[in-house]
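Numbering-wise (full-length UniProt numbering), the sequence shown opens with residue 1 and increments by one.
No lab work stands behind these hints, which were simulated from the structure alone.
Cβ coordinates follow ideal geometry from the N, Cα and C atoms, glycine included.
Any given hint could be a false lead.
Simulated restraints, written as ranges between beta carbons of each label pair [stated by the list, open to error]: (1) Asp169 / His115: 41 to 47 angstroms; (2) Leu84 / Pro207: 16 to 22 angstroms; (3) Asp318 / Phe117: 18 to 24 angstroms; (4) Glu173 / Glu104: 46 to 52 angstroms; (5) Ser119 / Ser200: 45 to 51 angstroms; (6) His48 / Asp102: 28 to 34 angstroms.
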Amino acid sequence: MKDPAPERPADPSAPDPLKSPTPGSPMLSPRPAAPASGPKVVALGGGHGLYASLSALRTVTDDLTAVVTVADDGGSSGRLRRELGVLPPGDLRMALAALCGDDEWGQTWSEVVQHRFRSEGDLHGHAVGNLLIVALWELLEDPVVGLEWVGRLLGAHGRVLPMASVPLDIQAEVELDGTVTTVRGQVACALTPGRVRSISLVPSDPPACPQAIEAIEAADWVVFGPGSWFTSVLPHLKVPGLARALHETSARRLVILNLAPQAGETDGFSPERHLEVLREHAPALVVDAVIADGGVVADPKALEKAAWSMGGRVVLADVAAPDGSVRHDGPRLATVLDEIFREKR
């Protein structure tokens, strides 16, 4: 006899799964009624970098919001964006998957939404989660409400919001062999053979997601990175409404540095160069703490100087995966984050 499907714990506040949601109707809170433990944290970024930070953060706080870039123009997201005119769902999907719990329900749904079709037809390369998110957007006519419903289904330990209410394009000034050219599009910027000098957004004054601004204003901590510096981290500071909130919030600000430069985007970047570029794009931004893996910092004093210039301090810690791959280890990163939040480090 086939094993029964895993049961989802009953939630009296959850919407009736047999009743279709009303387009534009308010979404019930995705979090349980019990008081949250841990600080209010907002994590910024996109892609694999944000996935890494969220995987760690969800284990140290019950009040977590991801604010995600919406500039992807490649792969499944790019196809859906061009065909349907929607926000690119891929980075939002990855953030939701990262917030899934470690129980059978969470891990199963995480795998489902990340699953990509392999075929000779039009579905090839599409991620299941991308299609699910866009379907709910079309049904509910509200991107934020649609993401809340997906979060409910997944049992996400936190909330996922787009950084802007419209799809964006990243435009980069790139220097190659002494010549500066303009490159447009996230994929093109990420793969450029030249050195990215600066980025801007198209449109240049996009409307920020109101709920993202509210979350930043109410946060105890705002976390930048890790991730693609020019295409996932810095774009948040180019959305005017979001940038104002990030500068004016009373929250403390923390930067998680990458473990290695990214080919085609930050080739040759030292850890301190990442901070220098952040300061160039947001000169008035104050940073309280910077997490870096001691094994990849060649010049600790230079990094400390760069952090100090933004008002912060450096926390050197062993946060890399033990298998030697260039990725952050979730439990190790969670331990360091928890100690910083509790002022133990």
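We went through each hint and held it up to the structure:
Taking 41 to 47 angstroms as the suggested C-beta distance range, the pair aspartate 169 and histidine 115 does not conform, at roughly 28 angstroms. Separated by about 19 angstroms at the C-beta atoms, leucine 84 and proline 207 satisfy the suggested range of 16 to 22 angstroms. Taken as a hint, the range 18 to 24 angstroms is violated for the pair aspartate 318 and phenylalanine 117, whose Cβ atoms sit roughly 38 angstroms apart. For the pair glutamate 173 and glutamate 104, the beta carbons lie near 48 angstroms from each other, so the given range of 46 to 52 angstroms is met.
For the pair serine 119 and serine 200, the beta carbons lie near 38 angstroms from each other, so the given range of 45 to 51 angstroms is not met. Between histidine 48 and aspartate 102 the CB atoms are about 19 angstroms apart, so this pair departs from the stated range of 28 to 34 angstroms.
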